[in-house]
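Given these sequences and hints, build the entire structure.
Just so you know, the sequence shown maps onto residues 1 to 172 in our numbering.
A few of these clues could be false.
[Unchecked claim] What follows is a list of derived Cβ distance ranges for each label pair:
1) 126 - 20: 31 to 41 Å
2) 116 - 43: 28 to 38 Å
3) 171 - 135: 16 to 26 Å
Simulated from the structure, these hints should not be mistaken for laboratory data.
Where a beta carbon is used, it is the ideal one built from N, C-alpha and C, also for glycine.
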Amino acid sequence: MEKFENTLLYRGFHCNDNGDKTIVVDGMQLKGYWVIGYLHMTNGLAFITPYTLKVTYVPEHSTLMSPAVAVVKDTVCICTGVYDDNDDGTPALIFQNDIVVYNDGFHYFKGRVCFEGGAFGIGCDSTIPIESCSDNFVSFYEMIFNQEVWDDFNQVQNVTVLGNMWEVDINA
1 MEKFENTLLY RGFHCNDNGD KTIVVDGMQL KGYWVIGYLH MTNGLAFITP
51 YTLKVTYVPE HSTLMSPAVA VVKDTVCICT GVYDDNDDGT PALIFQNDIV
101 VYNDGFHYFK GRVCFEGGAF GIGCDSTIPI ESCSDNFVSF YEMIFNQEVW
151 DDFNQVQNVT VLGNMWEVDI NA
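The structure is reproduced here in structure tokens:
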């Protein structure tokens, strides 16, 4: 698991017939794959340079030489900076618009990751059944702060990413 500090990562969907994912955007099925990296916006189009690749600037004219790929602008989401508590031992970064499930053995709910009140967290249509939560949103900060175990990766205990709003029906 890589630790990202002081890095703004984004995720976006790149359309490609050889992709391994199918998503639905505005009622249209798109085939392709997800790209995680650094966002570039040009003339209303979105491009992401994978974080594993280097971006080079040519000094004289500041030309961007980048292996960036075009992504569907409506699928671009920012990384929350926290990891889920995946059962298989490989925590995944949590992004805005991910569909997550919370299950601590006593409480269970499903929600969408959103930004509210200055923090990323889980939003639900109904009241969240956690004692410290009084409405339909709980921030990851609050969840991590109330955890018994802290780690260096900002892992949110009892939260697992199921997919995102283009891949998973939250009501299913």
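Structure-based check of all given hints:
For residue 126 and residue 20, the hinted distance range of 31 to 41 Å is satisfied, since their beta carbons lie about 34 Å from each other. A hinted range of 28 to 38 Å holds for the C-beta pair residue 116 and residue 43, which are about 31 Å apart. As the Cβ distance of residue 171 to residue 135 is approximately 20 Å, the hint placing it in 16 to 26 Å holds.
Of the numbered hints listed earlier, not one is contradicted by the structure.
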